[in-house]
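Input sequences plus hints: build the corresponding full structure.
Protein chains: 2
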Amino acid sequence: MVETKFQQVAIIGLGLMGASIAAGIKQQALAANVVAWDADATSLDLGCDLGLIDKASDSIADATSEADLIILSVPVQAMAGVLSQITLNGQIITDVSSVKGFVIDTVKAVYGEIPANFVPGHPIAGSEKHGVIAANPDLFRRHRVILTPLKETSDQSTEKVTRLWTSLGAEVVLMTPEHHDDVLAQTSHLPHLLAYALVDTLSAGGDSLEVFEYAAGGFRDFSRIAASDPTMWSDIFSTNASPVVDILEKYVTELQHLKQLIEEGDSEALKAVFERAKAARDHFSKLQQTRHANGG
Amino acid sequence: MVETKFQQVAIIGLGLMGASIAAGIKQQALAANVVAWDADATSLDLGCDLGLIDKASDSIADATSEADLIILSVPVQAMAGVLSQITLNGQIITDVSSVKGFVIDTVKAVYGEIPANFVPGHPIAGSEKHGVIAANPDLFRRHRVILTPLKETSDQSTEKVTRLWTSLGAEVVLMTPEHHDDVLAQTSHLPHLLAYALVDTLSAGGDSLEVFEYAAGGFRDFSRIAASDPTMWSDIFSTNASPVVDILEKYVTELQHLKQLIEEGDSEALKAVFERAKAARDHFSKLQQTRHANGG
Chain A
183 MVETKFQQVA IIGLGLMGAS IAAGIKQQAL AANVVAWDAD ATSLDLGCDL GLIDKASDSI
243 ADATSEADLI ILSVPVQAMA GVLSQITLNG QIITDVSSVK GFVIDTVKAV YGEIPANFVP
303 GHPIAGSEKH GVIAANPDLF RRHRVILTPL KETSDQSTEK VTRLWTSLGA EVVLMTPEHH
363 DDVLAQTSHL PHLLAYALVD TLSAGGDSLE VFEYAAGGFR DFSRIAASDP TMWSDIFSTN
423 ASPVVDILEK YVTELQHLKQ LIEEGDSEAL KAVFERAKAA RDHFSKLQQT RHANGG
Chain B
183 MVETKFQQVA IIGLGLMGAS IAAGIKQQAL AANVVAWDAD ATSLDLGCDL GLIDKASDSI
243 ADATSEADLI ILSVPVQAMA GVLSQITLNG QIITDVSSVK GFVIDTVKAV YGEIPANFVP
303 GHPIAGSEKH GVIAANPDLF RRHRVILTPL KETSDQSTEK VTRLWTSLGA EVVLMTPEHH
363 DDVLAQTSHL PHLLAYALVD TLSAGGDSLE VFEYAAGGFR DFSRIAASDP TMWSDIFSTN
423 ASPVVDILEK YVTELQHLKQ LIEEGDSEAL KAVFERAKAA RDHFSKLQQT RHANGG
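Heads up: the protein sequence lines correspond to chains A and B, in order.
Residues in the first sequence are numbered consecutively from 183, following my numbering.
Residues in the second sequence are numbered consecutively from 183, following my numbering.
Careful: at least some of the hints might be erroneous.
Just so you know, same-sequence chains aren't split out, so a pair can sit in one copy or run between any two.
[Stated by the list, open to error] Below are the DSSO-like pairs computed for lysine-lysine, each with C-alpha atoms no more than 27 Å apart in a straight line: (1) K237 <-> K441; (2) K208 <-> K432; (3) K460 <-> K311; (4) K208 <-> K468; (5) K432 <-> K460; (6) K432 <-> K453; (7) K208 <-> K460.
Honestly, the hints are just simulated from the structure, not real lab data.
Next up, the structure:
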């Protein structure tokens, strides 16, 4: 396998994701030089102090003009503003956003076309921690990274970005942006919406918190994800509306069906649904264990 | 505080809960003698071998006739059959079922009245493990136990059962059966239903498991509770139908509202709901931490 090595990597947005990528690149010595830009100067200073980056750039233009790889790790709503400050001169560009269709549309709107070196990406990894201070070079190890190259994307760019992620310990999977947005709407976006809705319903719109005194284990697991960043998540739902609405409608239909079974006292039919769900969950759980046992 | 000490405790149903209570009673030396009955003779043998019980009884009548405390830890659907084999002669009777209204109705149906020594109970504790082998004397430590004494219940019986639980390290809370069933429908039954429904919807009724390959952290937490026992949970929904249907209807209304906000692209309104939910969740999380910090 050809060695992955970049001359200058520019990281735009030095939050948990950007800083963890920087940390991984440093740990694996994948670049001669790592520069970063962030709207928050304190994050950049901390990135320098922690040795995660070699240089803090004053501007996006400055960070990216001489880079051979640009990693965009800014909120999706900030993407257009960031892209408009990048002058394309052959840099490979990738991103880490949770929605791909919206980002691709933004790239097209800003540049008038999809640059051949643009490789949309999404590492399926995260943490409850935030910011540069939580940077972890192993954040992506044994996690999947989905890349959604377009027909305009050069194979070479996809290959280079794949090698970067593989070097950070991740498993890269290629799929279309539409499939990505559909799969993520189901496995990530819907669960977050359900958790927010549960906590909000139980607190009766914030009026009553007594019920939480008696919350048991199941609820605790469930509600943890309701502590996620409200701004980031309202952006995700706004920018991936159609796939989320599709799966949400299916989900509500299933809930209505279960409600009917409960009202009819049909415990045999309820049990059959629960057994089917448990079998699917046990299958999923085994998949996870196998992946971890294989170290990949 | 007066010492809690029983002459003979009879545990009917030696699964995780019954066996953990037995283990706790042994550990704290709360009874001169612990006897148990279970439909499964292997569980009883194991209970003896592990020193959790002093004697395995051949029949419910045999286990309970000389007891001063009877603990019912059998599935709710088995309750009527068990009760009909107990001849009342002043024993205190308590149970550990997740639903209280149904159990109380069963007691009334079997005996024609509520015995003065019946103290309905529900420890808010559990484990993913099952059976005698998983018995844990500390299972209830720092957990809440809800007791729902009725107007017929004698204060002395409630006091004795309260002391038992307190001696096992639990915090006892008294409330009405109706309030218990309503609170548990919200904090435990609804989350389990949502988790089963999510896994079932995403696996398209068991037909497709590809989506689970990309399931991220949030989903993992969520789906863990979908691995719970299908028989036990279909029983819970059948026996606590009305409070579950009530909260489920509120929840579906909230989902419909969120769907509308997503369709309208109203990310400010979405964000406001998420912020409210996060604030409630953070409050809940602090409650939990405070309780653990206080060791009670």
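Now for the hints, and whether the structure bears them out:
Proximity of K237 to K441 under the C-alpha cut-off of 27 Å is found in neither arrangement, the shortest distances being 58 Å within a copy and 44 Å between copies. Taking the closest pair of Cα atoms, K208 and K432 never come within 27 Å of each other, the shortest separation being 45 Å inside a single copy and 50 Å across copies. With identical chains, the CA atoms of K460 and K311 are at most 27 Å apart between copies only, with a shortest distance of 15 Å across copies and 31 Å within one. Within a single copy, K208 and K468 get their C-alpha atoms no closer than 34 Å, and across copies no closer than 37 Å, so neither meets the 27 Å cut-off.
For a Cα distance limit of 27 Å, the shortest separation of K432 from K460 qualifies both inside one copy, at 19 Å, and across copies, at 26 Å. Proximity of K432 and K453 under a CA criterion of 27 Å is satisfied in both settings, with 20 Å inside one chain copy and 23 Å between copies. When the C-alpha separation of K208 and K460 is checked against a cutoff of 27 Å, the pair qualifies neither within a copy, at 42 Å, nor between copies, at 35 Å.
Consistency note: the structure conflicts with the earlier hints numbered 1, 2, 4, 7.
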